[in-house]
Amino acid sequence: MAEVTYLEALRQGLWEELERDENVFMLGEDIGEYGGAFKVTEGFLEKFGAGRIIDTPISEAAIVGAAAGAAHMGMRPIAEMQFIDFISCAYDMLTNYVATARYRAGLATPIVVRGPSGGYVRGGPFHSQMPEAAFFHTPGLKLVCPATARDAKGLIKSAVRDDDPVIYFEHKFLYRRIKEDLPDDEEILTPIGKARVAREGSDLTIITWSAMVWKCLDAAEELASSDGASVEVLDLRSLIPMDDAAILGSVRKTNRVLIVHEDTRTGGIAGEITSRINEGAFEWLDAPVRRVTAHDTPIPYAPTLEDYVLPGADDVVEAARLLLAY
Amino acid sequence: MESALTPAAPPADLTQENLLEIYYFLRLTRSLEEQLVNLYRQGKVIGGLYRSLGQEGESVATSYALRPGDILSPLIRNLGSMLVKGAQPVEVLRQYMAKTSSPTAGREMNIHFNDLDKGFLGQISHLGDMVPVMAGIALTFKMRVERRVGMVYVGDGAMSTGAFHEGVNFAAVQKLPLVVVVENNGYAFSTPVHKQTRVASLADKGRSYGIASYTVDGNDVLAVYGLARQLIEAARSGEGTQMLEVVTYRRKGHAEHDDQRYQSEEELALWEGNDPIDRYVSRIGDAGWATPDDLERIDSRIEREISEAVGTAESDPLPEGESAIGGVFA
Ligand SMILES: Cc1ncc(C[n+]2csc(CCOP(=O)(O)OP(=O)(O)O)c2C)c(N)n1
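The listed protein sequences derive, respectively, from chains B and Z. Using this note's numbering, the letters of the first sequence map in sequence onto residues 1 to 326. Using this note's numbering, the letters of the second sequence map in sequence onto residues 1 to 330.
The shape of chain B in the complex, shown without the other chains:
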């Protein structure tokens, strides 16, 4: 056992996959000699060589497009976006080319596109985004969003082995803030599409993912100690595919649901989850499904503004109390 950060766990996962399969390679801006803007790939160039750790020009569309082409030929590319905010520059490539390749042309495109995502770091409008919903709506892309160090490792490894394109949203707020003991002698593979119960409970289910899992766990703790409430926290881990069975199972158990995400409200994934619950477990509900999300604005820079726009544990507690009292 060794205690590793979320970032280190991700790094280990990438490293192990590069070691395991010579078809795995990485491409992105400043990932080689510099080791990446956040040092996720520190030491990779020395170990795997410039042939497999490729520093690219600032060309996100080319990075993703080239990854797709290589993937058609049997390679397993991992493309890094320096910040996930820049994935928008590859939106066309991802949604039109990559996402449709299997359906329209029978082409396998096993690529991973990954990058530092999310807010709470005072990064302003272009270094704080959590653009999951933009890709959620496009059939053909898998979306994963680890919350724990274990899953950071287990999901990147599964993503690399997956036969479909996967966008891996790693949360930069978690990079060095959370640590976990991980075994050295056991391969960690987190199945894509399986949710995880982060905390068991019986009065209310909070459905969430990524960094919000930690805020929801804080909220659940607060609700337990001050309200005596038993709150279940379900970490989805993967948005596409989504673990409907786990969602509906938990709803049937607690009969009250709060959905929490960091992304903005309108068109956010909470809307889709709510519909699935309505369709699959309406008669089990004792209260309307509620959501806590970011406000519908860009992410502002000032700490006071960012904290207001993004959801916090206090917002979760407040919404949970409404549901518990319903």
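Keep in mind that the hints were calculated from the coordinates and are not lab data. All figures in this text were calculated on a predicted structure; none of them were measured in a lab. Glycine residues also receive a C-beta, built at the ideal position from the N, C-alpha and C atoms. Wrong hints could be hidden among the right ones.
Label-pair restraints from in silico Cβ distances [to be verified]:
| hint | chain 1 | residue 1 | chain 2 | residue 2 | range |
| --- | --- | --- | --- | --- | --- |
| 1 | B | 73 | Z | 67 | 35 to 43 Å |
| 2 | B | 179 | Z | 330 | 42 to 50 Å |
| 3 | B | 100 | Z | 314 | 37 to 45 Å |
| 4 | B | 121 | Z | 86 | 55 to 63 Å |
| 5 | Z | 140 | B | 252 | 55 to 63 Å |
| 6 | B | 33 | Z | 136 | 51 to 59 Å |
Result set (BS3-like, lysine-lysine): computed pairs, CA atoms no more than 30 Å apart in a straight line [what the hints assert, rightly or not]:
| hint | chain 1 | residue 1 | chain 2 | residue 2 |
| --- | --- | --- | --- | --- |
| 7 | Z | 44 | B | 39 |
| 8 | B | 194 | B | 39 |
| 9 | Z | 142 | Z | 118 |
| 10 | Z | 44 | Z | 118 |
| 11 | Z | 195 | Z | 252 |
| 12 | B | 179 | Z | 175 |
| 13 | B | 253 | B | 194 |
| 14 | B | 47 | Z | 195 |
| 15 | B | 253 | B | 47 |
| 16 | Z | 252 | Z | 142 |
| 17 | B | 47 | Z | 175 |
| 18 | Z | 44 | Z | 175 |
| 19 | B | 179 | B | 39 |
| 20 | B | 39 | Z | 175 |
| 21 | B | 39 | Z | 195 |
| 22 | Z | 195 | Z | 142 |
| 23 | B | 179 | B | 194 |
| 24 | Z | 118 | Z | 195 |
Chain B is fixed; fit chain Z with the ligand onto it per the hints.
Chain Z with the ligand alone, transformed into the frame defined by chain B:
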């Protein structure tokens, strides 16, 4: 301004007063950034800090060559261009410190702000995006038959984006009054220019789109000014989009937190010896266009202005949380 001697006429169309004003902006840019470093170290700058050390010359000279009414769009290393166009040190300080009184009321960071009346349009982080946008501004000048010019800055790295290519080509085809300033400063974050492109001269990229393209020593302030002036006036008189590659060097890391491990000591020393401000000072001093007294007066004015601005900016509050809402739509 009363100055000791004026032996030879100042170059290009510059008066002695202009020359001193250029010095003022060069020094102001550098001193303001140095002050920002202090604030950054004290934890008062909230996000990252980006320096233009060694590149102040080209920023100031290119923007100084514009006329009132022209509009430029800077990048992160063009604080100098914004100051020339009238951005105030206190605005920059408030931006970095995310104050409610900042031009963006704390919503945006560092020098991401604009004042179209003064003539600058704020950037977004996504590299290359400002090129098509500035093409649109230049298109409007053309449609309205106004004799105004747009100027847009791109780095060697930003030239690898699709938006850059689409924007330059669009401007070229439409013969828009746009001057594209290409800042060849050796690196894009850690990536050296030769990993960004195979062309020997970045100006070749402009030529490939059929626009007049030139390269100049970016640390020679007066040379940059002279050529920029020509290109701006060519664009103004209907000759279409122009490109000016300024060859310079980024002496600091990508941002304050970058350890610059990929830049060698020798390289840094070489460029330190080629400092644009030092060169400018010798040039105007040797030619007798400015006395040490002139420059000292300006230095102390800058010191005063910056310390006043810091005092003002620091005492301002952060915005109220609720003010984050609103302003998404008209
Ligand atoms: C589309 C896009 N991809 C990646 C980035 C991240 N990034 C910010 S600055 C930078 C390097 C820019 O280099 P260059 O254009 O040469 O300008 P310089 O910093 O040298 O002035 C990178 C990769 C970005 N801002 N936009």
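If you check each hint against the structure, which ones fail?
1, 3, 4, 6, 12, 15, 16, 17, 18, 20, 22 and 24
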